[in-house]
Amino acid sequence: MNQLWIIANVTFREAARRKILWTALLAAAAFLSLFATGIHFQVKDVHFARVPPLIRAQVLSSILQIGFYAVDMLAVLMTVLTSVDSISGEIASSTIHAIATKPVHRWQLLLGKWLGFAAMIAVYIALVFGGVVAIGHFIAHAQMRGSLDGASFIYLECLLVLTLTFLFGTIFSTLTNGVIVLGLHGIAFIGGWLEQIGTVTQSERLINLGILSSVIMPSESIWRRASYVMQSSVARTLDLSPFATRSAPSTTMMLYAVVYLFAALSLALYRFQQRDL
Amino acid sequence: MPTDLAIETTGLRKQFGSKVAVRGLSLQVRRGEIFGFLGPNGAGKSTSIKMLLGLVKPTSGQAQILGCPFRNVEIRRKVGFLPEDFRFYDWLTASELLALHGRLSRLTPAQLSERIPAYLDLVGLTPHRDRRLRGFSKGMMQRIGLAQALIHEPELVFLDEPTSGLDPMGRHLVRDIIRGERNRGATVFLNSHLLSEVEITCDTVVFIKQGEVIATRDLRSSPEGEIHVHVRANNLRQELLAGLSQWAHATQLQDDRLTFSTNSMDSLPEILRYLISSNVDVFEFTPQRLSLEESFFKIMGEDPGQ
Chain A
1 MNQLWIIANV TFREAARRKI LWTALLAAAA FLSLFATGIH FQVKDVHFAR VPPLIRAQVL
61 SSILQIGFYA VDMLAVLMTV LTSVDSISGE IASSTIHAIA TKPVHRWQLL LGKWLGFAAM
121 IAVYIALVFG GVVAIGHFIA HAQMRGSLDG ASFIYLECLL VLTLTFLFGT IFSTLTNGVI
181 VLGLHGIAFI GGWLEQIGTV TQSERLINLG ILSSVIMPSE SIWRRASYVM QSSVARTLDL
241 SPFATRSAPS TTMMLYAVVY LFAALSLALY RFQQRDL
Chain B
278 MPTDLAIETT GLRKQFGSKV AVRGLSLQVR RGEIFGFLGP NGAGKSTSIK MLLGLVKPTS
338 GQAQILGCPF RNVEIRRKVG FLPEDFRFYD WLTASELLAL HGRLSRLTPA QLSERIPAYL
398 DLVGLTPHRD RRLRGFSKGM MQRIGLAQAL IHEPELVFLD EPTSGLDPMG RHLVRDIIRG
458 ERNRGATVFL NSHLLSEVEI TCDTVVFIKQ GEVIATRDLR SSPEGEIHVH VRANNLRQEL
518 LAGLSQWAHA TQLQDDRLTF STNSMDSLPE ILRYLISSNV DVFEFTPQRL SLEESFFKIM
578 GEDPGQ
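Residue numbers (my numbering), protein chains in the order written: chain A, 1 to 277; chain B, 278 to 583.
No lab work stands behind these hints, which were simulated from the structure alone. Among the hints, a few may not be true.
Listed next, the in silico EDC-like pairs over lysine to aspartate or glutamate satisfying Cα-Cα at most 20 Å (straight line) [said to hold, decoys possible]:
id, chain 1, residue 1, chain 2, residue 2
1, B, K415, B, E438
2, B, K334, A, D276
3, B, K575, B, E489
4, B, K486, B, E571
5, B, K486, B, E476
6, B, K296, A, D276
7, B, K355, B, E432
8, A, K19, B, D367
9, B, K486, B, E570
Remember, predicted model here, so these are calculated numbers, not experimental data.
Please put together the full structure from these sequences, using the hints given.
Okay, structure coming up:
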């Protein structure tokens, strides 16, 4: 087990040194600054002060949803871009040879790397998500609900994406891996929209297409669940945007996402065990 | 089960699709020897090493490392490996890299604190111990790679082109380190294209072609190198060749010309006596020493890469 933690530790430190992570953190800092400034102006706006408190709360809630959506998007992109070459890149560059020939089981190597990235993603989400929550609390003075649950769902989504980059990294080259994972996430995103539109227009076919896309790739469903648990009940009925959710994915879908993640991780471990390095 | 063999393989084969990389490698490496693994590019040397180290799965065949099945992960505590073109996370310092690899090889903190400075010193990198690898030259990377392969004092060390990228002083250092490993009792499995290096370092060499051992030479019993002999004589007969085979190999007879190879100068007078006593009239008997490089070309053919 010690070997697992050694690998996880060095992977975390390796991931934390990647330029792409720092670029993503800079992007997040820029976003948070812009977001904070925007909310500040909105709250201080003279006309906004005259808006009834209930409507004002809904507006602020919607703006915060945009913030959470941005956190979700940044976290998913950062996850893919930092981890996409973790397996395939190290195999291609032969960096993995020096470690894989030590008394380390292949499963320890892959799972250790996965844990290292999982820890790095947790820190990233804590920082950026925490930034939005802090802005909502201290600048907008908004009532925040379900933040911890929401952050957990965003983390689950990132872990799912991470697991897929690991799985495809054991099969394909870095570039192909990135294209496949982002492509799948794109399918999930479009599917999520179709399902939302289908809910409004009561089109069963659109809803089914959305569900099918969630079965293929549940990442967008997880975001919509995150969004759902964080938005107010009034906003749930009013909003229709990628930042908010009218039809919340079921608990069954979330359980499916967790099973999907573990299945993908098991498959990645099996593939990595079998493949030549 | 204790064995005097560090490596034993039987019919080790690797096929990538329809391409056969290693046809059927069968070899034995004795404990404590420096073993040279020679062959042209594409002969299957790297794939063979990767199979022995568990990086590549053989299509068929068996192998034992230090008396254990080669797939046993725990046996790697006793195995060191310097990959060709060693690379690692370049943000680590030389000391951190050795600490990481030492920990992965299950060294205790006390062993680490003792061995990290010792092995940095061994490879001449003590002044660079706190420098990050990204500032290292190729030669320095080879040196730190060598240190990570040895820090756990393995019983068997695989060195894949250890002198590549090294200047003459670096090569000299590697030669000394390899000899030091032998003195420590370790077995060294050396894959190198530098035949002159191999010749002065190795105890035994095997020549690999298309993933098969096609010749073996014991450099300890014939340190002067292989001797190629040309004979011109009358009354040379085919039946003489059987008797000649006790000293000679690669024997060829054509009319009044006989050529053969032998591993020892001491056998030449006996061979000459044998020919004369067999009523052969010898006009010319010309021994010529072959360097390992000449042997290599002779064994591999004109275009070894084909």
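Tested hints:
Using a Cα cut-off of 20 Å, the hinted pair K415/B and E438/B holds, with the two alpha carbons roughly 13 Å apart. Taken as a hint, the K334/B and D276/A pair is honoured in the structure, with Cα atoms around 6 Å apart against an allowance of 20 Å. Of the pairs offered as hints, the one joining K575/B and E489/B holds, with about 16 Å between alpha carbons and a cut-off of 20 Å not exceeded. A threshold of 20 Å between alpha carbons decides the hint, and for K486/B with E571/B the separation of about 16 Å falls inside it, so the pair holds.
Taking the CA atoms of K486/B and E476/B, the gap is about 19 Å. The hint holds against a cut of 20 Å. Only pairs whose Cα atoms come within 20 Å are accepted, and K296/B paired with D276/A is accepted, the gap being roughly 15 Å. At most 20 Å may separate the alpha-carbon atoms for a hinted pair to count; K355/B and E432/B meet this at roughly 5 Å. Among the hinted pairs, K19/A with D367/B is consistent with the structure: their alpha-carbon atoms are about 13 Å apart, no more than 20 Å.
Restraint check for K486/B and E570/B: satisfied, since their Cα atoms lie roughly 15 Å apart, inside the 20 Å limit.
This entry satisfies every hint, going by the numbered hints stated previously.
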